[in-house]
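K.L.:
The chain contents come next:
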Amino acid sequence: MDEIKKSYFIAKKDMGTYYLKPPLISWGLMLPIVFVLAFYFRNPIGIKDVVPGLIGMTLLFSSTSMAAIVITFEKRIGALERLLLAPLEIRTILFGKTLGSSVFGLVITIVITIFLIPIIGLSINYPFSFSLIIILSGIAFSLLGILISVGVKEVFEAMTMSNFFRFPMIFLCGVFFPVSSMPFPLPILSYLLPLTYTVDGLKHCLLEDKGIIPLSLDLLILLGFVILLYGLSLFIFKKRIRQEF
Amino acid sequence: MKNDNVIGVNDLTKSYGPILAVDHISFDVKEGEIFGFLGPNGAGKTTTIRMMVGLTQPSSGTALVDGHDILKEPVEVKRTIGLVPETSNLYSELTALDNLIYQAELYGVPRKERKNRGFHLIEEFGLKEHQDKTFQALSRGLKRRLTIAAALVHNPKILFLDEPTTGLDVMSARGLRKLILDSKKKGLTIFLTTHYIPEAESLCDRIAIIVKGKIRIIDTPENIKAQVKETEILEIGLDRITEDLKNKLLFMEGIEKILIAENRIRFQTKSIDQVTPHIIKRIEEQGAKIKSINTLSPSLEDAFVTLTGLDSELMKIDKPVKGGPE
Chain G
1 MDEIKKSYFI AKKDMGTYYL KPPLISWGLM LPIVFVLAFY FRNPIGIKDV VPGLIGMTLL
61 FSSTSMAAIV ITFEKRIGAL ERLLLAPLEI RTILFGKTLG SSVFGLVITI VITIFLIPII
121 GLSINYPFSF SLIIILSGIA FSLLGILISV GVKEVFEAMT MSNFFRFPMI FLCGVFFPVS
181 SMPFPLPILS YLLPLTYTVD GLKHCLLEDK GIIPLSLDLL ILLGFVILLY GLSLFIFKKR
241 IRQEF
Chain V
1 MKNDNVIGVN DLTKSYGPIL AVDHISFDVK EGEIFGFLGP NGAGKTTTIR MMVGLTQPSS
61 GTALVDGHDI LKEPVEVKRT IGLVPETSNL YSELTALDNL IYQAELYGVP RKERKNRGFH
121 LIEEFGLKEH QDKTFQALSR GLKRRLTIAA ALVHNPKILF LDEPTTGLDV MSARGLRKLI
181 LDSKKKGLTI FLTTHYIPEA ESLCDRIAII VKGKIRIIDT PENIKAQVKE TEILEIGLDR
241 ITEDLKNKLL FMEGIEKILI AENRIRFQTK SIDQVTPHII KRIEEQGAKI KSINTLSPSL
301 EDAFVTLTGL DSELMKIDKP VKGGPE
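Residue numbers (this note's numbering), protein chains in the order written: chain G, 1 to 245; chain V, 1 to 326.
Looking at chain V on its own, in the form it has when it is part of the complex (with noise of 0.2 Å):
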């Protein structure tokens, strides 16, 4: 682990029985960055977390987390650190302000203090009016923000965000990336996993793709794009889509890949002048209306087409929700 690294992950592996959900994964995370973990669901996102925090016993492998060994010192990795869970699983009983305090006590925050960090995080997570209530009376996006705040109460410098915004609305979406934002901005190391591609790419300096336990890339959003710079993009709205058409353009020469999305296809070459007037032929021979035609650069969501082989599809399937407050 070099001196910038707040985490160094060697080897970690997890398996139940014969499954291997993380398959022997190595990386680092620098002090102060936003470090993304990108996959389709049961990718061994969560169980990496959950091995990184203390939850679960990793088979093999291990972490420091801000120096201290994830097995040998686990209190005092869980005193550096702060995770929101996939679940927002605070007290459904207690109100947002007690359940602040409550957090405080367990982490051990002096006493003056409790109640003035309670405070303030409720004023900077929007929740000043939704004090006194209840947890379960709270909406799905406000127990998220309580959630974040929770793990905050006792200052720590590495955030571990479990599929933060997963199953939010926009609004509350956007207003909770805001305060990830802002939390980096206040120098907290901000680990966070997500399969929204479109979340990684605007949140995280660097992120790892995971996919079946491995990790195949681990950079920068503008590297990972660059490895498939010589890839360009053809875009063409039409005025609709049907199967047949669908499978008259998969099989093309040229092209490496289509994405669909709505009446628009992207279809991924390195010959775009070449391919084009096919296409464009084969639409009109399917009595389709070309509506738009476009040519775009790479974006994170092909790059990760090109790099893992799966349908980006895949990546916008949620996690059926779990039973108990969310």
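Looking at chain G on its own, in the form it has when it is part of the complex (with noise of 0.2 Å):
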């Protein structure tokens, strides 16, 4: 009990600090903002289909860029140290990061969505499954930036990695063109990357689409990436904390 209040300490502090840094208002708020305005101006009623995929990348962008942020910003400055002298776990301090960058990603993918379904004329079908793929989602792309950001020094750095991962997982997880329409082998990385859950969950939960699994499968799988991301990310980042401190 006592680790996670302090994790929750971590992340308000990261929240009240980080949110108002230019990196993360342009990868993590005005990219996703821009990408929605483009689509809905071009074609308003069309915007529709891809309203799943947009709130997806959202939360990909959001989350990844305020995790790459928090870490690579801390780790230049020495307060990454600070932590890592303070009675904490581990685990704490990753849990710290990871639940300040899902609940920021968290809060600008609601702002957008909110904003979005009323104009379209969309409702949510699901909302508790609506929510939990938000959720599982938020703290999967968290946990993919920290890992992402744990090994490079500077924040242009762990940006540019992000994007190596974040612009083809774009094209791959059925954002803008079905998976299911892509040639193969493409579909193969598709099904590897966790956006094609999230994006495949919301469109069972805002379009009636059956979607390429069903929704309960694309949690369960959702669930394994959290899982799988977090005994990784914690591997790296003790290692990497072993190799630098």
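Calculated from the structure, these hints are not laboratory results.
Check each hint, because a few of them may be wrong.
[Stated by the list, open to error] Below, simulated BS3-like cross-link-like pairs (lysine-lysine); rule was C-alpha separation at most 27 Å, straight line:
#1 V:Lys128 to V:Lys112
#2 V:Lys186 to V:Lys128
#3 G:Lys239 to V:Lys72
#4 V:Lys229 to G:Lys5
#5 V:Lys115 to G:Lys12
#6 V:Lys246 to V:Lys225
#7 V:Lys246 to V:Lys229
#8 V:Lys281 to V:Lys248
#9 V:Lys225 to V:Lys185
#10 V:Lys157 to V:Lys115
#11 G:Lys5 to V:Lys184
#12 V:Lys246 to V:Lys291
#13 G:Lys5 to V:Lys115
#14 V:Lys289 to V:Lys225
#15 G:Lys5 to V:Lys112
#16 G:Lys12 to V:Lys133
#17 G:Lys21 to V:Lys133
#18 V:Lys257 to V:Lys246
#19 V:Lys112 to V:Lys157
#20 V:Lys72 to G:Lys238
#21 G:Lys12 to V:Lys112
#22 V:Lys184 to V:Lys115
#23 G:Lys12 to V:Lys184
#24 V:Lys229 to V:Lys270
[Stated by the list, open to error] Listed below are several chain V residues computed to face chain G (Cβ distance under 8 Å; list not exhaustive):
#25 Leu83
#26 Asn89
#27 Tyr91
#28 Ser92
#29 Tyr102
#30 Leu106
#31 Tyr107
Ideal Cβ positions, reconstructed from N, Cα and C, are used throughout, including at glycine.
Build the complex: two chains, separate frames, hints provided.
P.N.:
As structure tokens, then:
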């Protein structure tokens, strides 16, 4: 309980400190908004089909950007060392950093969803599943951001590395084109990426689309990604700390 | 580890590939004392401190800090200690007070006490008028004060200070030394590293001199000075010191070492009466004018030079300032 409380303090401090950092505003907020507006003004009716993808992409960019900024910025100014000095388990630090990044991603995503849904005339068919999908995806993407940024020194390096994963994911995970219409062997790559299951799950909840797999399986796979990425992040985080400190 | 010892270091070693940064060191620190690690930059002081506080994994050996093994109980060790790293690394966007409150949260200080402790430390460290300024807006001296205050927010038993006054102006350094002595009076055990010999002499109850990862001697400043008590010091003030004069004086018989600071030369010798006339003659031959001449008892600096064989000028070199907030 004590460790959860300390994770909360870490997350609270991160959200209060980093949410106005320029790289976070440009990559975590501006980019998804620009995409949403561009699609909306191009075709206000046709945007409906890509709304699940846009929501998923918003979550991906906001969560990973926050995680990357928090880790690299604190490493650069030596503040991460302060956390390592405090009587905290490494998992508490990791959980706190993930929590802060996920909450930031969720807030941005919810704001964009609230803005999009009434304008386009969509409804959330399964609110509970919708919530679970964005929560699990937000955690998975934050962990991905931590995993990417833990090995680099500068914020711009973290952003470049993140984009190396994020941009291919936009094209491979059904954000704009359905995975089923992609030529072989691209769908194999799609099935290895968490965003595919975020978008697929959101399609179930927002479009009554049957998706490529059942909604329950999307949720289960996303949970699997969270567990896998958490284990991997914890392992890499501990390893990097041993190497760098 | 004896009962009154709060730190017991046993055969601690750290190597980075082929480089041995800390070479099988052992020592104890007694409760309530200020224990100093004195050595030039690169001697292994910071590596030792980082191993003792659980930030760096030792290659071999171990240490007990307040009865907790640094390898087996790192979290317990961290609960007992406060560390002030060489670089003041609090959160630049948080205010002075918020930084203290955040540290209190991380160290599990009860909610009701957090603010009070923060205010108390702000007051104690003379930061009242700066409490609402962000960390990045503070001067280097104030950042240092706040970083020490942050290390004390959870009432630790032992305070580790890594080069506490490096890079500070004379007044800030003096103020900080007073704060360190005041903390000792309140019962805190302090482990500090420094490369300033006068700082170690004025603050520390006991000093370990460390060179190239090895401890050369551990004792009180008085006892370390006594190691060279048969040595006498002749200090001569001159109007100028030329390279030629320096070379002529360096290899004189009966002189163990010479130290040159500005226009003063200190000669270490065991036969002051015999060598003094020869030194004066040499100086006059070189056309330099003698402004003052004194005999002195050996200082810690003289003892350091004799015991380590290092030039004390080496100790005056500060490390290059790293990036990030100071």
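K.L.:
Taking the hints in turn, state whether each one holds.
P.N.:
So, going through the hints one by one against the coordinates:
no.	hint	verdict
1	V:Lys128 to V:Lys112	20 Å, holds
2	V:Lys186 to V:Lys128	21 Å, holds
3	G:Lys239 to V:Lys72	18 Å, holds
4	V:Lys229 to G:Lys5	58 Å, violated
5	V:Lys115 to G:Lys12	17 Å, holds
6	V:Lys246 to V:Lys225	26 Å, holds
7	V:Lys246 to V:Lys229	25 Å, holds
8	V:Lys281 to V:Lys248	11 Å, holds
9	V:Lys225 to V:Lys185	25 Å, holds
10	V:Lys157 to V:Lys115	21 Å, holds
11	G:Lys5 to V:Lys184	33 Å, violated
12	V:Lys246 to V:Lys291	17 Å, holds
13	G:Lys5 to V:Lys115	17 Å, holds
14	V:Lys289 to V:Lys225	31 Å, violated
15	G:Lys5 to V:Lys112	15 Å, holds
16	G:Lys12 to V:Lys133	20 Å, holds
17	G:Lys21 to V:Lys133	19 Å, holds
18	V:Lys257 to V:Lys246	12 Å, holds
19	V:Lys112 to V:Lys157	21 Å, holds
20	V:Lys72 to G:Lys238	16 Å, holds
21	G:Lys12 to V:Lys112	18 Å, holds
22	V:Lys184 to V:Lys115	24 Å, holds
23	G:Lys12 to V:Lys184	35 Å, violated
24	V:Lys229 to V:Lys270	9 Å, holds
25	Leu83	5 Å, holds
26	Asn89	4 Å, holds
27	Tyr91	6 Å, holds
28	Ser92	6 Å, holds
29	Tyr102	6 Å, holds
30	Leu106	4 Å, holds
31	Tyr107	6 Å, holds
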